[in-house]
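Undergrad: From just these sequences and the hints, can you work out the full model?
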Amino acid sequence: MILADKITNLRKKEGWSQEEFAERMGVSRQSISKWEGGRSTPDMNKILQMSELFGVSTDVLLKDDLTLEDEVTTTAASSMQNDNGEALYPVSLELANEYMGQKASAAVKIAFGVMLCIMSPILLIFLDGANEAYTMSFTTNQAMMSGLTALILMVGVAVALFIVNGMRLKKYEPLEKEPLDTAYGVDGVVKEKQAGFERAHTRDMTVGIVMCVLSCLPIFIALILNKRAEFGVCLLLFIVAIGVFLIVRASIIWGSYNVLLEQGDYTRPKKVVEKRIGGIYWGIVMAAYLLISFVTFRWESTWIIWPVAGVLYSVVGMALAKK
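Residue 1 is where the sequence shown starts when you use full-length UniProt numbering, and the numbers rise one by one after that.
Think of the hints as simulated: they come from the structure by calculation, not from any bench.
The structure displayed is predicted, hence computed values, not measured ones.
Please note: incorrect hints may appear among the correct ones.
Cross-link-like lysine-lysine pairs, in silico, BS3-like; alpha carbons within 27 Å at most [unchecked claim]:
#1 K170 / K193
#2 K191 / K171
#3 K177 / K191
#4 K227 / K193
#5 K46 / K170
#6 K170 / K270
#7 K170 / K63
#8 K271 / K171
#9 K193 / K109
#10 K13 / K46
#11 K63 / K34
#12 K177 / K193
#13 K271 / K177
#14 K191 / K270
#15 K171 / K270
#16 K227 / K270
#17 K63 / K171
#18 K34 / K46
#19 K109 / K170
#20 K63 / K109
#21 K193 / K270
#22 K191 / K227
#23 K46 / K63
#24 K191 / K271
#25 K13 / K34
#26 K171 / K109
#27 K12 / K109
#28 K109 / K13
#29 K191 / K46
#30 K270 / K177
#31 K109 / K46
#32 K46 / K270
#33 K193 / K171
#34 K12 / K63
TA: Written out as structure tokens, the structure reads:
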């Protein structure tokens with residue numbers, strides 16, 4: 001069955017006239033008439049739109065050897081295995097668009113939560129410095145309690161954002177952990193969105209990193225001018241918070257494209273490594289961090305375990321992925 005006949009049958013099955021179908025597609029009735037008469041062929045964007053509108057795969061629409069009755073068979077085949085016997089997770093165009101939209105929405109909220117965590121001690125540090133440098137109308141205890149209250153409130157809001165968005169994204173975990181079987185046209189749509197976001201990604205990452213690097217300047221300037229370092233620290237945290245917001249937001253959105261294209265940190269070999277050692281590795285790191293911290297009581301220094309563990313995990317992951 002050719003594409004023209006499939007479009008006609010699907011339209012009639014929905015009970016739409018050519019005018020009603022044209023409205024839903026955003027084209028003229030003459031275009032619908034030409035498609036159904038085989039006098040012209042809709043472009044790929046319109047075919048993808050029809051796929052979503054009628055709830056059928058693009059394969060069934062485009063391949064003449066497949067009929068509309070084959071849709072059930074085609075859907076079942078999407079859960080087939082690859083050459084290595086791995087079960088592939090089916091990804092339709094609708095699921096891909098939904099995932100990218102949810103990640104883009106969550107990116108802003110998660111990045112804002114991270115920014116709040118970084119900025120949370122600013123008021124505490126500022127009031128402590130101001131109370132010592134100037135004659136204030138409140139006591140040291142009042143300043144400390146005010147700063148701690150702001151810190152707890154900001155961290156509380158951040159944690160709420162992390163939990164809510166984490167639960168909303170939980171249903172998409174298989175996309176990040178399983179090998180994918182993307183439907184026809186999905187890769188093209190994702191690559192197009194990735195190309196459109198590439199300039200913003202490069203800009204945000206560059207600005208964010210530069211802000212983090214330059215954030216130490218306020219402290220240096222305060223020391224040069226013999227001013228209190230606390231105010232420089234406040235400005236440092238503010239600059240870092242904005243820089244990290246840009247980095248986290250851009251990274252999450254960019255990461256959603258890599259997930260669907262199985263690129264970067266989401267290639268199939270890396271997914272295998274994550275399944276094999278991820279949980280065990282980070283469990284050991286957490287145990288080591290807590291043990292060393294409680295034994296030495298050097299909490300201000302033991303945080304270094306986490307960035308070191310992150311670098312080592314990347315090295316181990318690359319080594320195992322090559323095998």
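Undergrad: Each hint: holds or not?
TA: To see whether the hints hold, each was checked on the structure:
1. K170 / K193: holds, 23 Å
2. K191 / K171: holds, 23 Å
3. K177 / K191: It holds: about 20 Å lies between the C-alpha atoms, which stays within 27 Å.
4. K227 / K193: This hinted pair is violated, its Cα atoms lying about 49 Å apart.
5. K46 / K170: Violated, at about 31 Å.
6. K170 / K270: At roughly 20 Å apart (the allowed maximum being 27 Å), K270 and K170 satisfy the hint.
7. K170 / K63: violated, 35 Å
8. K271 / K171: Holds, because 17 Å separates the two Cα atoms, which is no more than 27 Å.
9. K193 / K109: This hinted pair holds, its Cα atoms lying about 21 Å apart.
10. K13 / K46: Answer holds: K13 to K46 is near 19 Å, not above 27 Å.
11. K63 / K34: holds, 19 Å
12. K177 / K193: holds, 22 Å
13. K271 / K177: holds, 6 Å
14. K191 / K270: With a Cα-Cα distance of about 21 Å, the restraint between K191 and K270 holds, given a limit of 27 Å.
15. K171 / K270: holds, 20 Å
16. K227 / K270: violated, 50 Å
17. K63 / K171: violated, 32 Å
18. K34 / K46: Status holds; Cα separation ~14 Å.
19. K109 / K170: holds, 16 Å
20. K63 / K109: This hinted pair is violated, its Cα atoms lying about 42 Å apart.
21. K193 / K270: holds, 24 Å
22. K191 / K227: Given pair K191, K227 is violated - Cα atoms ~51 Å apart, limit 27 Å.
23. K46 / K63: holds, 16 Å
24. K191 / K271: Distance of about 21 Å is within 27 Å: holds.
25. K13 / K34: holds, 19 Å
26. K171 / K109: Within the cut-off at roughly 18 Å; holds.
27. K12 / K109: violated, 44 Å
28. K109 / K13: violated, 42 Å
29. K191 / K46: holds, 17 Å
30. K270 / K177: holds, 9 Å
31. K109 / K46: Roughly 33 Å between the alpha carbons, so the hint for K109 and K46 is violated.
32. K46 / K270: Between K46 and K270 the Cα gap is close to 35 Å, so the pair fails against 27 Å, i.e. violated.
33. K193 / K171: Roughly 22 Å separates the two Cα atoms, so the pair holds.
34. K12 / K63: Given that 27 Å is the threshold and the Cα spacing comes to 20 Å, the pair holds.
Of the numbered hints listed earlier, those contradicted by the structure are 4, 5, 7, 16, 17, 20, 22, 27, 28, 31 and 32.
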